[in-house]
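J.: As they're listed, the protein sequences go chains A and B. Residue numbers 1 to 315, in the numbering used here, belong to the letters of the first sequence in order. Residue numbers 316 to 562, in the numbering used here, belong to the letters of the second sequence in order.
Read the hints as simulated data drawn from the structure, not as lab findings. Just so it is clear, CB atoms sit at the ideal spot from N, CA and C, and this is done for glycine as well. Wrong hints could be hidden among the right ones.
To be verified - For lysine to any residue, the following SDA-like pairs were computed, each having C-alpha atoms within a straight-line distance of at most 20 Å:
1. K130(A) / Q475(B)
2. K131(A) / R554(B)
3. K130(A) / W319(B)
As the list claims (entries may be wrong) - Simulated DEER-style distance windows between Cβ atoms:
4. L179(A) / E452(B): 52 to 58 Å
5. R19(A) / E452(B): 33 to 39 Å
6. I283(A) / T457(B): 35 to 41 Å
7. N69(A) / T457(B): 22 to 28 Å
8. D122(A) / V551(B): 33 to 39 Å
9. L320(B) / G12(A): 40 to 46 Å
10. I377(B) / N69(A): 47 to 53 Å
11. Q471(B) / R19(A): 33 to 39 Å
12. V323(B) / A67(A): 56 to 62 Å
13. Q135(A) / V551(B): 17 to 23 Å
14. T457(B) / A228(A): 57 to 63 Å
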Amino acid sequence: MIELKNVTRRFGDTVAVDRINLTVETGEVCVLVGSSGCGKSTTLRMINQLLPHSEGEILVDGKDVTAMNPEQLRLNMGYVIQGTGLFPHWTVARNIAMVPQLLSWPREQIDERVHELLTLLDLDPATHAKKYPQQLSGGQAQRVGVARALAANPNILLMDEPFGALDAITRENLQLEMLRIQRQLKKTTVFVTHDIDEALRLATRIAVMDRGRIIQHDTPENILRRPASDFVENLVGKQDRGLKLMSLHTVRDLMDAYSQPRQPEPGADGLKEDDSLRVALSIMLWQNWNQVPVFNTEGQETGTITRERIIQEGA
Amino acid sequence: MRSWLPPVLLTALLGALSAGMPTLEPLFQWVQPDKQNVIYERESFLFLLQNHLMLVVISALIGTVAAVAGGIYATRPSGRDFLPLVSQIASIGQTFPPVAVLALAVPVLGFGEAPILVALILYGLLPILRNTLAGLEGVDATVRQAALGMGMSPFQVLLQVELPLAGRVILAGIRTSVTINIATAAIGSTIGARTLGDPVIAGLVNGNTAYVLQGAILIGLLALTVDSLFEAAEQVWDRRFLPQAAG
């Protein structure tokens, strides 16, 4: 758990972060969102003390960060930044092994962990472990960046616009990857972005920041349904709020489930349980379907969903 | 290993020429037919070579340690205030001729090896300092931020990240410094240091072109040898730290 109490950061006379209060519960993903210069990155860097705070108190698992040795503090926090910051003179494997090496893990354990992480992030250890960062694509490099942050199994993950420099398709892939990994690992995560769609997709709770203050701190659903101010309303976009709400829920939430999964008819078309309602509606409109079967990840048919129900209850 | 071939060959040639200069007497007789003595014999060339090299090596060692330490200090948070000053000194110093350093050092240190050593250290310091600053400043800021953010101490960041990444540029600075100083050291002969400049000075004073040639050839060959050594060292460095660039 991370708690910020009345935290202020000044640079000379300008106040970058102004008396903010924020609690990030264990295992949740807190996304700090706002335009550039709103203080979101500054807030993140105060949590690992790359920037000391001017006033207030920051507690990590109940302990004041200023009372801890900064290296010890950071070794227990994965850190991912835009542009990866991978070490260009080290191989992918050595980059990932960085924190375990600082913690003097035995050699075999480090090798095993590197292998495990490359596999977790969908990179083939045989082809990628010996490469250098310059030989990777942007998406692969950021996967390595995430793997490096996870290497020593930290409780906390700090991510500073990690996918900001990637193209749209790669970014979406990595967001999905992150959701999958987060479901497995349940790290307490603070994630900084200026992209509200990224925030809505990844967050357990979103903190909207503007000019050094937190305007609203709530679940994605509540941010969309009850924006606290015009600023938040403009940020989430007034017009397509309905569709954005639909993207927060999956087909699983609104389908009529069968009592038992069935074997599907061969060649049957349908939706997946994990598809968002927004995607589901889009596909159904395009294909002109009114009712379609739903499949689980094993390919079994587990229920059906109707267009009518999505339109009535989706948003 | 092919990169070591040129320095080995050049070293062999330098050694052979220093030891066997008298065998080339007919050649120099042809260059300078009016003189009886055409081979410089006041000191052996091997002794002069050794002394010359010693001056360069000592000044390079001291210069490297001082310049790298200064460059590191000026790029740390505690020394950042000095960075503009240090960079300026590094650039201005290059415009200061070594003869002027000698002229200023002799009244203080007297004749002999000491003043030339001071001049070589001061003059050799600057290319190394300039490259140390360039190399350390050139390290990608996100890399440094990531290293700190992941829990390295500032000292570990310096040793494991910054110096390996800046080292290639620093090495190039040392190479420039040493090559310049091999030539500069010869001037030491004007104030009583024993270097390969001795035959050159003696030749100029006595109007003996053969002496001048012998000194100049050996100085040039020494510079080439040392330069090719650095070339090889840089290739080794690339293989060690930048294997993807070396292919």
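J.: Hint by hint, note whether the structure agrees.
T.: Status of each hint after checking the structure:
{"no.": "1", "hint": "K130(A) / Q475(B)", "result": "holds, 19 Å"}
{"no.": "2", "hint": "K131(A) / R554(B)", "result": "holds, 14 Å"}
{"no.": "3", "hint": "K130(A) / W319(B)", "result": "violated, 27 Å"}
{"no.": "4", "hint": "L179(A) / E452(B): 52 to 58 Å", "result": "violated, 40 Å"}
{"no.": "5", "hint": "R19(A) / E452(B): 33 to 39 Å", "result": "holds, 36 Å"}
{"no.": "6", "hint": "I283(A) / T457(B): 35 to 41 Å", "result": "holds, 40 Å"}
{"no.": "7", "hint": "N69(A) / T457(B): 22 to 28 Å", "result": "holds, 24 Å"}
{"no.": "8", "hint": "D122(A) / V551(B): 33 to 39 Å", "result": "holds, 37 Å"}
{"no.": "9", "hint": "L320(B) / G12(A): 40 to 46 Å", "result": "violated, 59 Å"}
{"no.": "10", "hint": "I377(B) / N69(A): 47 to 53 Å", "result": "violated, 37 Å"}
{"no.": "11", "hint": "Q471(B) / R19(A): 33 to 39 Å", "result": "holds, 35 Å"}
{"no.": "12", "hint": "V323(B) / A67(A): 56 to 62 Å", "result": "holds, 59 Å"}
{"no.": "13", "hint": "Q135(A) / V551(B): 17 to 23 Å", "result": "holds, 22 Å"}
{"no.": "14", "hint": "T457(B) / A228(A): 57 to 63 Å", "result": "violated, 34 Å"}
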